[in-house]
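S.K.: Residue numbers (this note's numbering), protein chains in the order written: chain A, 1 to 170; chain B, 1001 to 1705.
Treat the hints as calculated values from the structure; they're not laboratory data.
Keep in mind it's a predicted model, so treat the numbers as computed, not measured.
For every residue, glycine included, the Cβ atom is placed at its ideal position computed from N, Cα and C.
It is possible that part of the hints are untrue.
[Claimed, not checked] Going by beta-carbon spacing under 10 Å, a handful of chain B positions derived as facing chain A: (1) Pro1015; (2) Val1023; (3) Ile1027; (4) Asp1559.
What follows is the residue order along each chain.
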Amino acid sequence: MLMLLLNLAESNANLSNYKADAALAFKNYSDTVFRIAFLRSGNTTDADDIMSEVFLRLIKNLHKIKSEEHLKSWLIRVTINRSNSFFKKQKRINQVRIVECDAVYEMDENSVLPQVMALPMHQKTVVFMHYFEGYSVEEIATLCGVKAGTVKSRLSRAREALKTTLKGEF
Amino acid sequence: MFKDKFKKELDAINPSAELESAVLDKIRQEKERISSAPKISYKKRWISAIAAALALVIVSVTAFNLPIFNGSEHILNGDISTSSNSEDLFVDEDLTESNFENQDQQPSQNAPTSITYDAAYKLFDKIAALREAQKDHYNGDNTASKSANSDDGQSNLTDTPSVNDTPSKNYTETNIQVEGVEEGDIVKTDGEYIYVLRSVVNACTIYISKATNGKLSKTAFIHLYHTPYSDLYDYDAEIKEFYLCSNTLVIIISAERKTKSFEGDCTIAMLFDVSNPKSPQYIKEYVQTGNYTSSRLIGDNLYLFSQDSLYGFETIKKPDDNIGYTYEHKRFWQLPKIGVDDRVLNDIDEKNLYAFDDEVNLEYFLAVSIDVKKRKRSDSKAIVGGGSNVYVNNNAIYAVSSEINYFEAEKEYIPKTYIMKFGINKGKITPLAKTNLKGTVLNRFLMDEYDGYFRIITTTRKYRRNNCCAFFSVIGIDSNTVYVLDKDLKTVSSIKGIAKGEAVTSSRFMGEIGYFCTSPMNVNVDPFFAVDFSNPKNPKILDSLEFPGVVNYLHPYDDNLMLGIGETESGKNVKLIMFDVSNPKKIKRLFTLNTNVSCAYNSFNVSNGHKKINILKDKGIICFSGETKYNIYKFSKQKGFSPLEKNHFSAKTDEDGDIYSSWDDSIRGVFIDDYLYVCNAHGIVSYMPFKGNKKISEILFFNYP
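Looking at chain A on its own, in the form it has when it is part of the complex:
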């Protein structure tokens, strides 16, 4: 019985021929990772730190990646987790951080991004994943590790908030 199980494990290991490459992954997905980190942190400095951390982790976990689709999901999930840890650490420190940003993005009075940035953390994440990346509610639930109902309620609350602040734009 044990030999049968071991053989099964070995045969499963051979089925996926996909080999992830960190440099190529960076080329294809660094923008996505950076944008999630930027949305969640609110500034480019923290987004830089989070992005670096994510790709360094990828290098150590390349063998776990089974497909291109899995790679993207993995990167998104880890970026969310990394920014969670980042902010939990800030909460424990209980300080207000003054961050100098090295980039300024031009926005006009009709820009929507500042209103999205002002949303609570979970809400702006689902807004990004739904409206920018095009993920469905169930896919977002898997990526964020929450119930689909939670994703729906976050999207709903985000839309309510954006309707108030964006008025005709939404």
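Using the hints, position chain B against chain A.
M.R.: Frame of chain A; chain B shown alone:
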């Protein structure tokens, strides 16, 4: 439109070239380091790990005779082990029955019945099957019934939302819909101290400041993450609003949490003793599952409402031959829960769980009452069905929700509004009746109960679903309908087809007469209607008056005057209108003022929009918040509207060094005697507005204490 703009703006956000180069260097270095380290076959490591795990399982089962538990079957059969059955059940002392002698209210014949847990799960299965088959069991056309007989003593004559009486207090209170039914807000005062909510990401705090003749001094603050159970809060936990009652600060919190017994959204009422505001003392907190909907305070009784889905999804990772693994989402049923602190939440008692046999929604509405003075939960009732808009008067709760059936919306679709009625009496909550009507309801100001009859105005819009089922587009407005329902929510009468092509923008009821405004989509021209409800079987439109602009909020100024606040024809600025309603058959527009205050942040008809407005008849002023300033206009019956000599009073802005801000960065103004205190998330600034707009004193929350 939003999607395209959002994509375009976010496309411009990219990592810098320097960062890209730095990360690629690190990747290269790490690759080299790994390639030069001794190799261990991943395959062999994986196989070894599996073998070790299997060995452990075999030993465990053999040695300890443990059963193999099939988690997914357990979930699908609905045989969920809830915290009600667990051995570590927390005894909730607040669940002891309150003494509700002589407070029973007679439910209608179509009132819901309480159900057992088993019956509830069977009902949920039935609803799920119905929705899967895309059936709608509701008959949307309620046939008019014979008018109700004179009330049997259960439906009392309700005080109508009264016009502003001269306040007996020397300080401003929150602008509310129904007299005697207090509403939570982000700023409150007791005439001596001012309490202000700063609701920002990671830092929800209530600041307490002493205000004496315009001088401000820091007193104390309550930080959400410094409370006893804050380790259970997700960092997105948010204080929504609060109340001051009987020397108690009642804070309403919306949070996501993960405990042994529950994962999901919760609504919390947290109590602090503020008899000494310099040293607020934590008392306890009451937790209920669900997203925060609304709350009210009647006397010492807080009524707290939440709603959520009756199901959750278990995400199960399954092996997949092609990509290694895949995820499957299995639904499980989840009942509403309540608890005294955050450690354990218990399923609501079966005797407090209600449902209608013909319910088709897989949501619940949970109403909990808490006696703030006795610091005790009085009652809790959960009912299958939703309720996102809540109208409350001194006798009843009407929970209203509009539902769009996702499955039908590829073609034109007209949603329905579902209404559930609960009787309330000194904390006791009794589910009484329900119904549904065609159309949607803008907000709770379009509802009112008077003399046992419930009046409501709906708008019939046509929707079509977009590519994903997450949101819908309005493709047209049909018209509006006024309904009159009896105490059992049976339709007594209606006026259909009002203002075709237009939607109701505001409404207010004054006893037997109801007033509302409508406006077409994207055009700011409003007719103002007066409806006579003196004969509930035969309501009549008495008059209508067209005027340029849109009214988003109506407020009875006195018995003869109705104030409208809204937008100019261009949609750019705030407009004030005073209507003469002394003769509802001939309404007149008495005075109009197009202010220079921008409309950009003045949505007075959203859920808490009316709280940005203060109408102080004793001072002869009308005030409302703008984006960064509080604005004051005089009103007299002889001369109409005019601005104060200096009428814009600045709040603290975020240029003071705080980078965090909330999208709901609203301003409130409170008067204590003749001093004005303009409050927002950043601080308080005091003025003496009748002597100019020179700042007297200010406090910045950033550097508290």
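S.K.: Against this structure, judge whether each hint is valid.
M.R.: Comparing the hints with the structure gives:
Taking 10 Å as the C-beta contact cut-off toward chain A, the hint placing Pro1015 of chain B at the interface holds, the least distance being around 4 Å. For Val1023 of chain B, the shortest C-beta to C-beta distance to chain A is roughly 5 Å, which falls under 10 Å, so the interface hint holds. Proximity of Ile1027 of chain B to chain A holds as hinted, the smallest CB-CB distance being about 5 Å (cut-off 10 Å). A least Cβ separation of about 33 Å between Asp1559 of chain B and chain A goes past the 10 Å threshold, and the interface hint is therefore violated.
When the structure is compared with the earlier hints, a violation turns up for hint 4 alone.
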